[in-house]
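Read off the chains here:
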Amino acid sequence: MTLTADDVKKIAHLARLGINQQNIASYTKDLSGMLQLMTQMSETNTDGVLPMAHPMDQTQRLRADEVTENNNRNNFQAIAPQIEDGLYLVPKVIE
Amino acid sequence: MHTKSIKELAEGLRSGEFSSVELTQSFLTRIKQHQSLNCFISVTEDLALHAAKQADGRIAKGDTSLLTGIPIAQKDIFCTQGVKTTCGSKMLDNFVAPYNATVVEKLNAAGAVMLGKLNMDEFAMGSSNETSYYGAVRNPWQTDSVPGGSSGGSAAAVAARLAVCATGTDTGGSIRQPAAHCGITGLKPTYGRVSRYGMIAYASSLDQGGPMARSAADCAVLLQTMAGFDGKDSTSVDLPVPDYQAGLNANLNGLKIGLPKEFFGDGLNSNVAAVIELAIKEYQKLGATVKEVSMPNLKLAIPAYYVIAPAECSANLSRFDGVRFGYRCANPQDLTDLYTRSRGEGFGKEVKRRILMGTYALSAGYYDAYYIKAQKIRRLISEDFKKSLADVDVIMGPVTPSTAFGIGEKIGNPIEMYLSDIYTIAINLAGLPAMSIPAGFAEGKPVGLQVIGNYFAEDKLLNIAHQYQQATDWHQQIPKGFE
Chain C
1 MTLTADDVKK IAHLARLGIN QQNIASYTKD LSGMLQLMTQ MSETNTDGVL
51 PMAHPMDQTQ RLRADEVTEN NNRNNFQAIA PQIEDGLYLV PKVIE
Chain P
1 MHTKSIKELA EGLRSGEFSS VELTQSFLTR IKQHQSLNCF ISVTEDLALH
51 AAKQADGRIA KGDTSLLTGI PIAQKDIFCT QGVKTTCGSK MLDNFVAPYN
101 ATVVEKLNAA GAVMLGKLNM DEFAMGSSNE TSYYGAVRNP WQTDSVPGGS
151 SGGSAAAVAA RLAVCATGTD TGGSIRQPAA HCGITGLKPT YGRVSRYGMI
201 AYASSLDQGG PMARSAADCA VLLQTMAGFD GKDSTSVDLP VPDYQAGLNA
251 NLNGLKIGLP KEFFGDGLNS NVAAVIELAI KEYQKLGATV KEVSMPNLKL
301 AIPAYYVIAP AECSANLSRF DGVRFGYRCA NPQDLTDLYT RSRGEGFGKE
351 VKRRILMGTY ALSAGYYDAY YIKAQKIRRL ISEDFKKSLA DVDVIMGPVT
401 PSTAFGIGEK IGNPIEMYLS DIYTIAINLA GLPAMSIPAG FAEGKPVGLQ
451 VIGNYFAEDK LLNIAHQYQQ ATDWHQQIPK GFE
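Residue numbers (the numbering used here), protein chains in the order written: chain C, 1 to 95; chain P, 1 to 483.
Treat the hints loosely; a few may be bogus.
[As the list claims (entries may be wrong)] Quick look at which bits of chain C chain P covers, simulated, 3 or more residues with Cβ under 8 Å:
| no. | stretch |
| --- | --- |
| 1 | 15-29 |
| 2 | 50-58 |
| 3 | 67-76 |
| 4 | 80-89 |
[Claimed, not checked] Listed below are the simulated DMTMM-like cross-link pairs for lysine to aspartate or glutamate, each with C-alpha atoms no more than 25 Å apart in a straight line:
| no. | chain 1 | residue 1 | chain 2 | residue 2 |
| --- | --- | --- | --- | --- |
| 5 | P | 349 | C | 57 |
| 6 | P | 232 | C | 84 |
| 7 | P | 232 | C | 66 |
| 8 | C | 9 | P | 391 |
| 9 | P | 386 | C | 57 |
| 10 | P | 376 | C | 57 |
| 11 | P | 261 | C | 66 |
| 12 | P | 285 | P | 416 |
| 13 | C | 9 | P | 334 |
| 14 | P | 349 | C | 69 |
| 15 | P | 387 | C | 7 |
| 16 | C | 29 | P | 483 |
| 17 | P | 387 | C | 57 |
| 18 | P | 299 | C | 47 |
| 19 | C | 29 | P | 368 |
| 20 | C | 29 | P | 345 |
| 21 | C | 9 | P | 483 |
| 22 | C | 10 | P | 282 |
| 23 | P | 376 | C | 6 |
| 24 | C | 9 | P | 345 |
| 25 | P | 32 | P | 334 |
| 26 | P | 299 | C | 65 |
| 27 | P | 386 | C | 7 |
| 28 | P | 106 | C | 69 |
| 29 | C | 92 | P | 45 |
| 30 | P | 232 | C | 69 |
[Stated by the list, open to error] What follows is a set of in silico ranges between Cβ atoms, one per label pair, in the way DEER data are often shown:
| no. | chain 1 | residue 1 | chain 2 | residue 2 | range |
| --- | --- | --- | --- | --- | --- |
| 31 | C | 89 | P | 369 | 38 to 46 Å |
| 32 | C | 40 | P | 281 | 28 to 36 Å |
| 33 | C | 42 | P | 264 | 45 to 53 Å |
| 34 | P | 367 | C | 66 | 34 to 42 Å |
| 35 | P | 336 | C | 29 | 23 to 31 Å |
| 36 | P | 246 | C | 84 | 14 to 22 Å |
| 37 | P | 29 | C | 20 | 22 to 30 Å |
For the record, the hints were derived by calculation from the structure and aren't laboratory data.
Ideal Cβ placement from N, Cα and C applies to all residues, glycine included.
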């Protein structure tokens, strides 16, 4: 399976990932190469095999619904690019 | 002082032969002398000297922890409160972590002295340390060669004696491969053995932190402190941590070693193969027996990994959006522009490649063909290991198909770079523990022997490595210029 430059642009958009116009050709080539590698998988019969999402086949551990952490907002916002009155600032979304 | 083991240093600190401040100072001097290796992203000199002073106080009061006052270094993937934590990326070049990773917390509490933060491939994605925003690390054995990756800074620093030991993380071989290339000892524990809390995530079902040191005995000391259940990590396993020191000296009489024929086939450099065969003969002398085993699905490990790891990476790295922390682009036009440009400018090429691959594999219409298929293959690989380990105690083979390659040699060909991880990746898919042990040299560069054990058999792996290191001195070799 090979991808086209348009495919790569579409995937980059889905990932909200800016890529330079001049690099699109090399990403197209690299991703197509990776997909080529993956064709080996389709040659193997996996009918009836249970997908393995996690090495321990664990179930998610639960805990009591109790407050265990202190409010660290100031601490966490100290490293934010832009804040005001305890809020994160982004460009205006709704005019 | 820089050639002593943790145990010898702990004795020296207690007999008054030297203080932790003196020891720390000597390592800081070595780090400055060997800056050209580019092992460190940050050297935390003031913090280190402060911690060393406190350690000296603790020792004077009778503290018995082996790590108290010992200078170590942290891979820059572990969050360190108040200290820049970059993960080797421009995205986090301005990120001062607001909390400590559990591993950091535990090592600090044990009295270890952190010298600084170690260079690594960007977000741990790479096998050569060349994808770091902070530049490539040089291999002390041959400075125009890569140290391996992603824990390349950790391996090179320990090999060059710039730190007594270091932390690393391993998602597809990132502890074992650089350990092999730099001639040090590295252990990737069972998935869930060491807390992932505060360890910046790449592929959450594969990532695991572990010790990197010169010897198995030093790794045992480090793992003793790093391992254990952590309520802050939802996949941490709640099992008691054995005494890793206690088991080191058990003899290896009757040990059953499995040799997968797939680890010794085409693609393995013949000089590396010769070193591995000699190492296995040494084990036979120590009382072990060998048996051929088979891993029929091994060749599928690379394609399955390069679906699963990028898929998890694309989800994990979606948090870097220029809003809450990390890099933000200048003058965003709108919200989409803020996301797209912050990510586009903040991530390097290899990270982008994997985000794109993962996004594609998870997108509508391709999810079953790639992601689910890869998870089924993962099960087959895991079953192969289960079958083999029912018959033998451990599996042995090479860590890498060749010795360390040249800086710049493979970076232009990502697929070729991926294929060099053939012997390490399957272990992460299965979640098993495995070690890399220095076993000799080929073409003047170190070769690592890989030992793979059953789930939570870290004690056995350390014992097996330690016994080999009692009979050989490969782990004590020092690269020229770093004596």
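Evaluated hints:
no.: 1; hint: 15-29; in the structure: holds (count 8)
no.: 2; hint: 50-58; in the structure: holds (count 8)
no.: 3; hint: 67-76; in the structure: holds (count 3)
no.: 4; hint: 80-89; in the structure: holds (count 4)
no.: 5; hint: P:349 - C:57; in the structure: violated (33 Å)
no.: 6; hint: P:232 - C:84; in the structure: violated (30 Å)
no.: 7; hint: P:232 - C:66; in the structure: holds (14 Å)
no.: 8; hint: C:9 - P:391; in the structure: violated (50 Å)
no.: 9; hint: P:386 - C:57; in the structure: holds (14 Å)
no.: 10; hint: P:376 - C:57; in the structure: holds (13 Å)
no.: 11; hint: P:261 - C:66; in the structure: violated (53 Å)
no.: 12; hint: P:285 - P:416; in the structure: violated (37 Å)
no.: 13; hint: C:9 - P:334; in the structure: holds (19 Å)
no.: 14; hint: P:349 - C:69; in the structure: violated (37 Å)
no.: 15; hint: P:387 - C:7; in the structure: violated (41 Å)
no.: 16; hint: C:29 - P:483; in the structure: violated (45 Å)
no.: 17; hint: P:387 - C:57; in the structure: holds (17 Å)
no.: 18; hint: P:299 - C:47; in the structure: holds (19 Å)
no.: 19; hint: C:29 - P:368; in the structure: holds (23 Å)
no.: 20; hint: C:29 - P:345; in the structure: holds (21 Å)
no.: 21; hint: C:9 - P:483; in the structure: violated (52 Å)
no.: 22; hint: C:10 - P:282; in the structure: violated (55 Å)
no.: 23; hint: P:376 - C:6; in the structure: violated (30 Å)
no.: 24; hint: C:9 - P:345; in the structure: holds (16 Å)
no.: 25; hint: P:32 - P:334; in the structure: violated (45 Å)
no.: 26; hint: P:299 - C:65; in the structure: violated (45 Å)
no.: 27; hint: P:386 - C:7; in the structure: violated (40 Å)
no.: 28; hint: P:106 - C:69; in the structure: holds (19 Å)
no.: 29; hint: C:92 - P:45; in the structure: violated (43 Å)
no.: 30; hint: P:232 - C:69; in the structure: holds (11 Å)
no.: 31; hint: C:89 - P:369: 38 to 46 Å; in the structure: holds (41 Å)
no.: 32; hint: C:40 - P:281: 28 to 36 Å; in the structure: holds (34 Å)
no.: 33; hint: C:42 - P:264: 45 to 53 Å; in the structure: violated (27 Å)
no.: 34; hint: P:367 - C:66: 34 to 42 Å; in the structure: holds (37 Å)
no.: 35; hint: P:336 - C:29: 23 to 31 Å; in the structure: holds (27 Å)
no.: 36; hint: P:246 - C:84: 14 to 22 Å; in the structure: violated (57 Å)
no.: 37; hint: P:29 - C:20: 22 to 30 Å; in the structure: violated (43 Å)
Checked against the numbered hints above, the structure violates hints 5, 6, 8, 11, 12, 14, 15, 16, 21, 22, 23, 25, 26, 27, 29, 33, 36, 37; every other hint is satisfied.
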